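Enquirer: Required output: the full structure, derived from the provided sequences and hints.
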Amino acid sequence: MTRTNFGAVLVALLGGIAFAAPAAAQNEQFIPHLVYRTGAYAPNGIPFANGVADYYRLVNERDGGINGVKIVYEECDTGYATDRGVECYERLKGKGPTGAAYFIPLSTGITFALTEKAPVDKIPIISMGYGRSESRDGSVFQWNFPLLGTYWTAADILIQHIAKIEGGMDKLKGKKIALVYHDSPYGKEPIALLTKRAQLNGFETMFLPVTHPGVEQKATWLQIRQNKPDYVLLWGWGVMNSTAIKEAVAVGYPREKMYGVWWSGAEPDVRPAEDGAKGYNAVMLQHGAGQFKLHEDLKKFVYDKNNGTAKWDETGEILYVRGAINGMLGIEAIRTAQKRFGNKPMTGEQVRWGIENLDLSADRLKQLGFEGVLKPIKVSCADHEGARTGRIQTWDGKNWKVSSDWYTADEAVVAPMVKETAAKYAADKKIAPGCLTN
Amino acid sequence: MLGPILETLIGGLLTGVLYALVALGFVLIFKASGVFNFAQGAMVLFAALSVARLSEKFPLPIAIVLAIGVMIVLAYAIEFLVLRRLVNQEGIVLFMSTLGVAYFLEGFGQTLWGSDIYKIDLGISKNPIFLFESVFPGGILIDPEEVAAAVICAILVTVLAVFFQVTRVGRALRAVADDHQAAQSVGIPLNYIWLVVWATSGIVAIAAGMIWGSKLGVQFSISLVALKALPVLILGGLTSIPGAIVGGLIIGAGEKLAEILLGPLLIRWFDLAGGGIENWFAYVLALLFLLVRPQGLFGERIIERI
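Chains U and P, in that order, give the protein sequences.
Basically the working numbering = 1-based index in the first sequence + 162.
Basically the working numbering = 1-based index in the second sequence + 3.
Bear in mind the hints are in silico, worked out from the structure with no lab data behind them.
For clarity, every value in this text was computed on a predicted model and none was experimentally measured.
EDC-like, lysine to aspartate or glutamate: derived pairs with alpha carbons at most 16 Å apart:
#	chain 1	residue 1	chain 2	residue 2
1	U	LYS581	U	ASP545
2	U	LYS338	U	ASP392
3	U	LYS455	U	GLU533
4	U	LYS537	U	ASP521
5	U	LYS560	U	GLU476
6	U	LYS440	U	GLU418
7	U	LYS232	U	GLU190
8	U	LYS338	U	GLU328
9	U	LYS279	U	GLU249
10	P	LYS122	U	ASP437
11	P	LYS122	U	GLU436
12	P	LYS129	U	GLU436
13	P	LYS129	U	ASP437
14	P	LYS60	P	ASP124
15	P	LYS122	U	GLU429
Expert: Have a look at this one:
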C-alpha cells in the first residue's frame with residue numbers, strides 16, 4: 163500500500179491526521195488544516211495537504227519547531243463541502259494551548275462561510291490564491307488573507323496575456339472570450355473582472371456554468387463549438403478540469419486557446435486527458451512544477467527518515483509545491499508575530515498581526531529555499547494579497563513548462579473594483595473599516 | 004440553427020445511453036429483489052477502480068475477468084453479510100442497508116485501490132467524427148467513445164433480455180421479484196438468486212465503470228454519475244430494462260436541449276442570475292412524465308385489491 167493510500171486509510175478510520183502528541187503541551191503551536199483526502203476532489207486535495215504536512219514536519223525535524231515552539235498539526239477532512247468545513251472549524255478552533263493559529267480552508271465556499279466567524283473567534287483565514295477577491299482590502303476583511311493572488315488578479319493576468327498574443331489591448335476589440343466555470347462562489351469570482359475588462363477593452367463574453375462536480379459537460383462544449391469563442395478560460399476544480407479538456411478534444415476546440423486559472427493547472431487536471439491536453443495553458447500562482455532547493459531539506463530531514471506524506475516523486479508536482487508554499491507562509495507569519503510577542507505559542511490574534519506584517523524579501527525567500535519559485539511578498543493592512551504577479555504555463559504532454567514572462571495585475575482596473583466591492587460589503591455587514599493594530 | 008440542434012440532440016441521446024448503462028444496474032436489482040440499491044454508484048466506482056488498477060498489472064481482458072471475479076465476491080459478501088439477515092424486512096430497511104453499503108464501498112474502494120486518478124484505455128479514438136459536412140456548416144459532431152458506449156449498451160441489453168426471458172435462472176429471478184415468499188415456497192433458493200442478481204449488476208457496473216472511467220479517468224466522481232441515473236429511473240420506471248434505455252435517451256436529449264435552448268431564454272425572460280439548468284431540468288422532465296404515468300414510462304401498474 164502506498165503512503166498516499168495509507169493516508170486515506172488513516173483518514174477513513176480515524177477521521178483525520180495529526181502528528182506530535184495530541185496532549186496540549188504549553189510550548190506547542192496548534193495549526194489545524196481543512197483538507198479533502200476523500201471525495202470527488204481528493205485527487206487535487208491530497209497533494210496540497212501532503213505539501214502542507216511535510217513542510218510543518220520539516221520545520222519540526224530540522225529547526226525543532228518555530229523558534230523552539232513545536233508545531234502540532236491536525237487535519238480535518240471536509241470533502242470540499244462547506245457544511246463539513248464549518249463543522250471542522252468549530253471542532254478545531256479551540257485546540258492547543260493558544261487555540262488555532264490560523265485556518266487554511268482550501269475552498270472558496272468554506273472561506274465565504276468562515277469570513278464572518280473569523281473576526282468573532284479572532285482566528286485569521288489564509289486563502290492563498292482563492293476566496294473573495296475584495297478580501298485583499300484588510301481594512302474591511304481584517305481576518306482574511308488571500309495571499310499571492312485573488313481571482314481578479316488571475317483573470318486580469320489572463321486577459322493581459324491574451325492581449326499580448328493578439329498584439330495589444332486594442333486588438334481585443336470584437337474578440338469573444340468564454341468562461342467555463344464551476345457553478346459555485348469560486349467559479350463565479352472572475353465574472354465581475356471579466357465583465358469590467360469586456361467594457362474597457364471591447365471584447366464579448368460568454369459565461370458557461372458547469373454544475374458540481376462537472377462530470378457531464380456535453381451541452382457546455384457543444385455551445386462552445388457552435389459559438390466559436392476565440393479563447394476559453396477555465397475556472398474549474400477537480401474532475402471538472404480534466405473533463406473540460408477531454409470535452410474540448412471531443413468537440414475539436416484547440417487546447418492552445420484554452421487558459422485555466424491556477425486551480426485548473428496542475429497534473430491531475432491534464433493527465434487524464436493524456437495527449438489531448440497538449441498545448442493547454444494555465445496562469446501560475448507564481449510557482450510552477452519541479453523540485454527546488456527546499457527539496458534538499460525535505461529529502462534529508464523528512465523523506466530519508468521515512469516520514470514523508472507523499473511519494474518522493476510527487477513532491478515536485480504543482481499542488482504539492484503549493485501546499486508547501488502555503489505551509490511556509492503560515493510559519494513565517496508565526497515567526498513574524500514571535501518577533502513582536504516573544505518566542506512562545508501565538509494566539510490567532512497575534513498570528514493575524516504576523517500575517518499582516520509579513521515581509522518576505524528575495525534574500526529571506528532564498529534562505530527558506532524558495533529562490534526562483536516566489537517573488538518577494540509584502541503584506542499590509544491595505545493589501546492582504548501581498549503580491550499579484552503570475553506567469554503562464556503550458557502542458558507539453560508530459561510536463562508543465564513556463565511559457566511567458568511575468569505579468570502584474572493592472573491596479574488601475576482591479577483596485578477600484580476592490581475598493582467599491584469591499585465598501586459595499588462593509589456597509590451591508592455594518593463594519594467600520596479600519597486597520598487593527600494588534 | 005438546425006445543425007446545432009440536431010448535433011445537440013444526437014449528443015444528448017448518446018449521453019443518455021451512458022446514463023442508461025448506470026440505470027440498468029439499479030433496475031436489475033430492483034426487478035429481482037425489490038431493493039432500490041443506493042450503492043449502485045459506489046459499485047460502478049469500485050468496479051472501475053478494480054479494472055483500472057488490475058489493468059496496471061495484467062492485460063485489459065484479464066483485468067476485466069479478474070474484476071468480474073471481484074464483483075462476484077463482493078456480491079456474495081453483500082448477500083451473506085447484509086441481505087440474508089434482512090429477508091422479508093420492509094423495503095425501506097433494505098434501502099437503508101444499501102446506503103450503508105454505498106458509504107462502505109466508496110471508502111473501502113479508495114482505501115484498497117487508492118484515491119488518485121487512474122486510467123482505463125479502451126483503445127477508442129478520442130477525436131470527433133463529423134457527419135453531413137456538406138449539409139450543415141461544420142457538420143454534425145459525433146463522439147466515437149459515446150458510439151462505443153451505445154454499442155456496448157445494446158449488447159448488454161440483448162444479453163440481459165435473453166437471460167431474463169429464456170434461462171431457468173432468469174425465470175426464477177422474475178418469480179422472486181414478484182413475491183419473495185411465494186418463490187421460496189416453490190423451492191426457488193432466494194439467497195442464490197440474490198447472489199446472481201447482485202453479481203449481474205456488478206458486471207453491468209463494470210461495463211458502466213469502464214466507459215465512464217475511459218471518459219473521465221477513474222476517480223471518486225464516477226460514483227456521482229449515479230445521480231444522473233435517478234431521473235432516468237423516475238422516468239423509465241424501476242422495473243423495466245427498456246424503460247432504463249428509453250428513459251436514458253429522453254433525459255439525455257432533454258437536458259442537453261434544455262441547457263442550450265431553454266436556459267438562455269429563461270435567464271432573459273425572467274432576468275435570472277444564471278447557472279446551469281441541465282442537472283435540475285432532468286428531474287423536472289422526469290416529474291412531468293410522472294404526472295401522466297405515476298409508475299414511470301415502462302413501470303408496472305400496481306393494482307391492489309383492498
